[in-house]
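Those protein sequence lines, which keep their order, are chains F and A. The numbering of the first sequence is the working numbering, which starts it at 1 and goes up by one. The numbering of the second sequence is the working numbering, which starts it at 1001 and goes up by one.
FYI, nobody ran anything at the bench for these hints, they're computed from the structure. Keep in mind that a hint or two might mislead.
Stated by the list, open to error - Among the chain A residues that face chain F by a calculated CB cut under 8 Å, a handful are: (1) Trp1185; (2) Thr1191; (3) Arg1203.
C-beta atoms are modelled at their ideal positions from N, C-alpha and C, and glycine is treated no differently.
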Amino acid sequence: MTGHAGDGGATPAVQCEGVTRWFGGLEAVSQVSLSLAAGERRAIIGPNGAGKTTLFRLISGEMPVTAGRVRLFGRDITTTPCHRRTQLGLGRTFQITNLFPTLSVLDNLVLAALGLGRTKFSMLRPLWTYPEPRARALETLDTVGLADKRDAIVRTLSHGEQRQIEMALALLTCPRVLLLDEPTAGLSPAESALMTRAIQQLDRSITILLIEHDMDVVFDIVSRITVLHLGRFFAEGSPAEVRQDPRVQEIYFGAGEVTAC
Amino acid sequence: MDVAATRAPMRLVTGLAVALVILAGLAPVLPSYVVILMTEGLIYAIAAASLDLLLGFAGLASLGHSAFFAVGAYTTAILVTRHQASFGAALAASIVLAAVASAAIAILVLRATGIYFMMITLAVSLCAWGLAYRWVSLTGGDTGIVGIPRPRVPWVGLASGTLSFYYTVLALFVVCLALYLLLIWSPFGKTLVGIRDSESRMRVLGYNVFLHKAVALVVAGAFAGLAGSLYAYYNGFVGPSAVDLAHSMQFVLMVIVGGPGTLVGPLIGAFAITFLEKMVSVFTERWVMVLAAAYVVTALWAPRGMLGLLRAAR
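Chain F on its own, in the form it takes in the complex (with noise of 0.2 Å):
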């Protein structure tokens, strides 16, 4: 064994200690503590506000922690950035769908298969004459059954088809740890459901940290579910446990008494 003690005596995937960032005022994320297993699969889920996505951008090191660590296979990642990360195996999607509108779809995976290595420097020499990015590009174009679409541009696909270049592009880098941002927002039950199956069948050994409002999705996939509420750590536990939780559907639908303040 590598690293030292944690929850099962190997080293967590990921692991947040004490995370908290401010917005001037307004403590978005306040004391998180969490820790993923390797090869866990977790969603964090929560009402609007609950600090959920700006959690993600603080262990994706889009933006820094006001306090507190991250850590990456137990490796302390707190102030490296965001593309640091990325080589480190920490892979991401988004919420609002962020891809590279005016380019094609292949244009698209294959500045992913670039971002990597250090041929995304090569100025004299033309993209089309390297073979390898193509390559890789073009299978998981085939993987996400887009291999048709590959001279659209991206801009004239579907909701649908760009949520599935989203999770392509994440893919592309290659990460150990998956940072998913509600995968299935807008989808029809029909893409949902495929794009449900589409993470199951993900390789094991990546770590998935899912944000998702769909329990359905929630339920498929993940083994743990962590409450986020108002930017604090709220509950855990498996799925069953959560969805009994009446704390936790009272904070979703208010129920029970009303909080006075």
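Since chain F is already given, all that's left is putting chain A on it; use the hints.
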């Protein structure tokens, strides 16, 4: 190797080759004042295309590009008039100094994005003008530097005639054009377009966005420095007017009127605006007003430039 992907680039190269042959072949039969204007057009085309790398490809709307053009122009003017530098030495020094200046400025301006990037590059442009105007011992202040002779070119000799100088500029233009094409087709060129479309996505894909933008600024600055150097030889005089805001805006307009992100568009834009300026100046002194009108018309009816208009018509 992807054969299909080479089709559009090959068409572009063919088109450009035809255009270059026409540019080279027509010059001897055209009146000399037209050849002089074409020379100026080529110099501005090099500068406008370098700005297009930033504005059109990387999405960096720099209003300070004339600063690097001016670094090249002043470097050449000073080296040639005070140190009798050769053509090659003056060109090389202009390119290197403009690239170094660009790297220094990049660290400063890349902290800002969007409209703030425009504002801070605007400030850079004004500072550069201030330096040119006030640092009299180096730049000659308002008087500028006069008496820059035409270059002595290897194999050609003194390019003092209109035609020999035109062909010298054309040869360097072809070299620049080849480098521009390689750059926009290269993996690095593609990363610039990725940054234009989504910086946040590029970061999570593992790209150091700052580094790519900085390299783009340095490369564009180097080409602008080369154009500035040629401008000094062309004009025979370099003064603060080479750095002023109108000049910077003129580069931006060449790119926007031609079609940003197309490379070819800004080349056309540079020729169009150079010729338009000289033709309008015959009739009125209010050239800037006409330029502004051209911009308004472009913004309203051809937001993707002349090239965009042509493509839409097809």
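What are the numbers of the hints that this structure violates, sorted from low to high? Nothing - there is no hint that the structure violates, so all of them hold.
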